[in-house]
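Here my numbering is used: the first residue of the sequence shown is 90, the next is one more, and so on.
Calculated from the structure, these hints are not laboratory results.
Possibly wrong hints are sitting among the right ones.
What the hints assert, rightly or not - Below 27 angstroms or equal to it, Euclidean Cα-Cα: the simulated DSS-like pairs (lysine-lysine) are:
| hint | residue 1 | residue 2 |
| --- | --- | --- |
| 1 | K336 | K369 |
| 2 | K366 | K336 |
| 3 | K471 | K200 |
Just so it is clear, the structure is predicted and the values come from calculations on it, not from any experiment.
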Amino acid sequence: MHRHSYGFRSAAAFVAAATIGITSPAAAAGPPPRATEPPLTVDGGAWPSGHLQGMALDRSKGFMYFSFTNLLVKTDLRGSPVGSVTGFTGHLGDLDFNTADGRVYGSLEYKAAEAFYIAILDGDRIDRMGMDAETSGVVTTVHLKEVVEDYTADMNGDGVFDGNTGRTADHRYGCSGIDGVAFGPAFGRRPGPQKLTVAYGVYANATRRDNDHQVLLQYDVRRWRAYERPLTESAPHRSGPERTDGKFFLYTGNTTYGVQNLEYDGHSGNWLMAAYKGTKPAFPNHSLFVVDGAGRPVWGEVRGQQEPERGRLLPLLPEGVHHEPSGTYGWQSTGQHGLVSLDDGRLYLAETSRVQDGDVMKESGRAVQHRWTGRTPTPFAKATS
90 MHRHSYGFRS AAAFVAAATI GITSPAAAAG PPPRATEPPL TVDGGAWPSG HLQGMALDRS
150 KGFMYFSFTN LLVKTDLRGS PVGSVTGFTG HLGDLDFNTA DGRVYGSLEY KAAEAFYIAI
210 LDGDRIDRMG MDAETSGVVT TVHLKEVVED YTADMNGDGV FDGNTGRTAD HRYGCSGIDG
270 VAFGPAFGRR PGPQKLTVAY GVYANATRRD NDHQVLLQYD VRRWRAYERP LTESAPHRSG
330 PERTDGKFFL YTGNTTYGVQ NLEYDGHSGN WLMAAYKGTK PAFPNHSLFV VDGAGRPVWG
390 EVRGQQEPER GRLLPLLPEG VHHEPSGTYG WQSTGQHGLV SLDDGRLYLA ETSRVQDGDV
450 MKESGRAVQH RWTGRTPTPF AKATS
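Please model the complete structure; the sequences and the hints are all you need to start from.
Structure follows, in structure tokens:
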């Protein structure tokens with residue numbers, strides 16, 4: 090499942106674990122040639138960690154980054170490990186690579202502390218295994234106030250915030266935190282300056298009516314260096330923007346923990362959202378939704394709220410499986426553990442498994458190249474060349 094209840098504790102426990110060799114034949118290979126054409130697969134290895142949450146590709150330098158919940162792994166494009174960052178006691182989720190500054194951005198949650206961050210990792214400095222997230226200087230964080238306000242909202246007015254549970258009326262829009270992150274233009278504007286889009290996690294709850302939208306925030310990160318602070322898990326900071334550069338809603342029906350992986354596809358101009366299926370019988374409960382990049386957001390009703398509310402609504406791409414009663418479109422697909430567009434009709438989708446290594450159970454993940462077909466019910470086909 091998606092959520093791990095990590096508390097604040099010493100990061101040292103994971104430093105040694107991350108130096109354990111990965112289960113990959115590429116690990117023993119020599120230095121690879123500088124690759125210009127992404128390979129069909131990139132092996133992220135097997136680790137004593139949480140499961141794979143997201144991936145990011147630095148195509149120009151030939152590196153792939155894998156988020157294993159409490160561990161970040163950097164490999165070359167042959168799957169040989171180059172470095173790792175350990176000691177995350179929060180939930181490190183989806184990743185994306187920012188071509189403007191050459192850094193990796195990821196969602197990072199500390200629910201018990203009511204702190205939600207974008208973690209920014211300096212990939213050029215990740216050059217050895219077992220680098221500590223707090224002390225190595227390769228990680229900075231920016232706090233997202235908007236997420237905290239929605240996560241902690243006392244929606245039933247009883248004066249008590251019920252905490253990390255979906256079995257409550259609390260959490261505005263059913264917000265469980267954040268997961269999907271991706272760089273792309275402002276919604277409805279292609280081309281345009283790149284913004285960071287952050288998708289909410291949304292609790293599964295079939296008894297509520299106010300949790301049927303995916304909620305997405307956009308930020309212009311060009312001025313974020315003023316907010317960046319080192320990661321200090323024992324004393325979470327609150328340095329971040331006071332407001333977003335746009336808050337948007339996509340009507341899909343309730344999902345289980347919202348958009349797990351978010352990706353902007355430069356080839357089509359659309360936004361892909363991979364989710365764990367929802368449970369409401371009134372919806373088709375798709376696992377992949379696509380925002381129509383050619384359509385602009387429109388002001389309209391945010392359906393199902395306790396009080397009438399208007400917001401900027403995003404259009405679903407009118408393709409895939411159409412569910413007439415709800416008016417939604419979507420597909421059934423993988424991609425919840427990793428989704429990376431190559432911006433030419435090809436994408437990497439994550440494949441995951443568990444590997445028993447002696448007495449240690451490890452989580453493994455690899456990026457596998459697919460082509461977009463748009464077919465129903467599954468829109469991807471594995472690439473063969």
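Hints broken by the structure, by number, lowest first?
Number 3 - this is the single hint that the structure violates.
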